[in-house]
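Asker: Starting from the known structure of chain A, fit chain B onto it as the hints suggest.
Chains as they are written, first to last, in our numbering: chain A, 623 to 960; chain B, 623 to 960.
Just so you know, not all the hints are guaranteed correct.
No farther apart than 16 Å at their CA atoms in a straight line, the calculated lysine to aspartate or glutamate pairs in the EDC-like style are these [claimed, not checked]:
1) B/K881 - A/D850
2) A/K939 - A/D645
3) B/K939 - B/D645
4) A/K792 - A/E814
5) B/K881 - A/D853
6) A/K792 - A/D818
7) A/K707 - A/E660
8) A/K642 - A/D935
9) A/K794 - A/D822
10) A/K881 - B/D850
11) A/K881 - B/D853
12) A/K824 - A/D806
Quick list of simulated restraints, FRET-style, between CB atoms [said to hold, decoys possible]:
13) B/G795 - A/M913: 41 to 47 Å
14) A/T857 - B/G771: 37 to 43 Å
15) A/A830 - B/N679: 18 to 24 Å
16) B/N679 - A/E693: 49 to 55 Å
Hints listed in this document are in silico derivations from the structure and should not be mistaken for laboratory results. Each residue gets a CB set at the ideal place from its N, CA and C atoms; glycine is no exception.
Number of protein chains: 2
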Amino acid sequence: MSTAVNHQYKLAARPVGTVKASDWKSTQEPLRDPADGEVVIQVLYISLDPAMRGWMNDSKASYIPPVGLGEVMRALAVGRVTASKNPKFAVGDHVSGLLGVQDYAYSNGQGLTKVDPKLAPLPVYLSTLGMPGMTAYFGLLEVGQPKAGDTVVVSGAAGAVGSVVGQIAKIKGARVIGIAGSADKCRYLVEELGFDAAIDYKSEDVAAALAQHAPQGVNVYFDNVGGDILDAVLTRLARGARIVICGAISQYNNTTPVKGPANYLSLLVTRSTMTGIVVSDYYDRTIEAAMVMAGWIASGKLKTREDVINGLDNFPKAFDMLFSGANNGKLVLKLATA
Amino acid sequence: MSTAVNHQYKLAARPVGTVKASDWKSTQEPLRDPADGEVVIQVLYISLDPAMRGWMNDSKASYIPPVGLGEVMRALAVGRVTASKNPKFAVGDHVSGLLGVQDYAYSNGQGLTKVDPKLAPLPVYLSTLGMPGMTAYFGLLEVGQPKAGDTVVVSGAAGAVGSVVGQIAKIKGARVIGIAGSADKCRYLVEELGFDAAIDYKSEDVAAALAQHAPQGVNVYFDNVGGDILDAVLTRLARGARIVICGAISQYNNTTPVKGPANYLSLLVTRSTMTGIVVSDYYDRTIEAAMVMAGWIASGKLKTREDVINGLDNFPKAFDMLFSGANNGKLVLKLATA
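Chain A on its own, in the form it takes in the complex (with noise of 0.2 Å):
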């Protein structure tokens, strides 16, 4: 092997509040070789996601298992395996899945998907066709169930999942506005993306804007930020509306208890549904939705955008990028080159 030492990223406290540096310890330890069964990888590129940031609480009632102290941060990833006693995979081949934040991992094979960089840059396996993607896709065409001529808003919508979402809520038929944390990020969606218009929350009213933008009111709302901007559209609600709830970004560092929406009553008034997903209730869909999306992006019409950060050792601050909204497109660090 051409590196004798595993760089890792392990969970060295539990966070308060925003994440710090302390939280995360540094380790190296020596690579083996494979156990029967197992496959060694090198990982290439780690995905940062806001969920990331829930498995390191000590939950009880969250739809995966916290992260223990001491252990590996979680991470999806994609890498190559450079070694092998598994026969399902040979040297060579890249796989996805939960390989942490590390340089070098093991596995018995379980979760790995193999995916082709022919097909698809490695990066692109991570967001559109990976997991943020999938979310979007389920998220919106499961849940929110957009008609044509539907009005769609989506928040964080320059983002990972926001920003597929507006795109195959377009595709649809539906007419799309974004909400998104800052001038560039709406010029984006507007111009690049083909989003009917955007509100940069930072700058607008929330709620004078989508009563401009979206006069006869929102159909389904696919909300990746909750607080303020959640109890925002709620007032905007058209009868029947669809909330997609697919996180909370603007929630997930508190120290105090999360704000809960206000204006939840007028699920009651106009007769709405607001419902939670989890994309793992998909999983057995993956390849369906890979299919469809990956059609769309050959022809042009759903475009994908990744924000790539170099180096392990970068793990904490581009972690930080996350929440503080500065990163453009998903959001992942490049190990090495495949």
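Answerer: What follows is chain B alone, placed relative to chain A:
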């Protein structure tokens, strides 16, 4: 006519927080003969409903316009036709409709429904066979969709809607837990109505009691109260739970913003749904539901209880009882005997 004047309660001021006596104005006006197409109805029983509090606010975005200042307070009621120039109604007919808080109402017949005092006592047409019963029936069966073996939780369980929700859920084979505000009410739910368990939210920790009574989690929650109880139930949802948002009586007298459900992200973790219901959407199915429920009442499966207060002069006091929880069963004001 037997009475020369019509006593009325009008809305004198828009209440701030809890309704005060000075928000009402008691007035009298002489009776007149019906115009062409009109009927005069002597009001016999007036329904007191939490929704009336919402009608008093000058809110733009509700499902029904507010009551205007100086107008007779809107209320559902049953009465008897005392004069008619409308061929569809004869003197002596009993009718239900939005007759208002007054001794006599004039109507062109729109929105009036004939009721038969031989089939059920008149107050039952304001409770189980009226708006609260319809709300329970359609909210539970159409939105909550309980299956046999499900755990169904209802708040405001001893009230006009909640008591019917719980009994229908039992009829459908669910395990039913009621949340109510006194030991007496809890006893009534379990001993008289056959609920499997009841939680007194004034003396018990609701989340802890739910953990005990619903160890597999809550499949359906029918919410009449909002606030802390909604938040407690959100921590105990089973996967794929359905929350029916019917009302939020704990929040109706707020002078501060409504308390949004801080635990709403459990919708995400449990892949659950929160949906608002407005009973008027099911208006064209009223007869269907009334026939089914009348059958259950006749066979003893569905018990109905009305708390009858005598005299129009007691309207302000009876209205307050809605929010203090002092009533036992559907609160009805009796003006005269049929």
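Asker: Against the structure, test the hints numbered earlier, and report the numbers of the ones violated in rising order.
Answerer: 9
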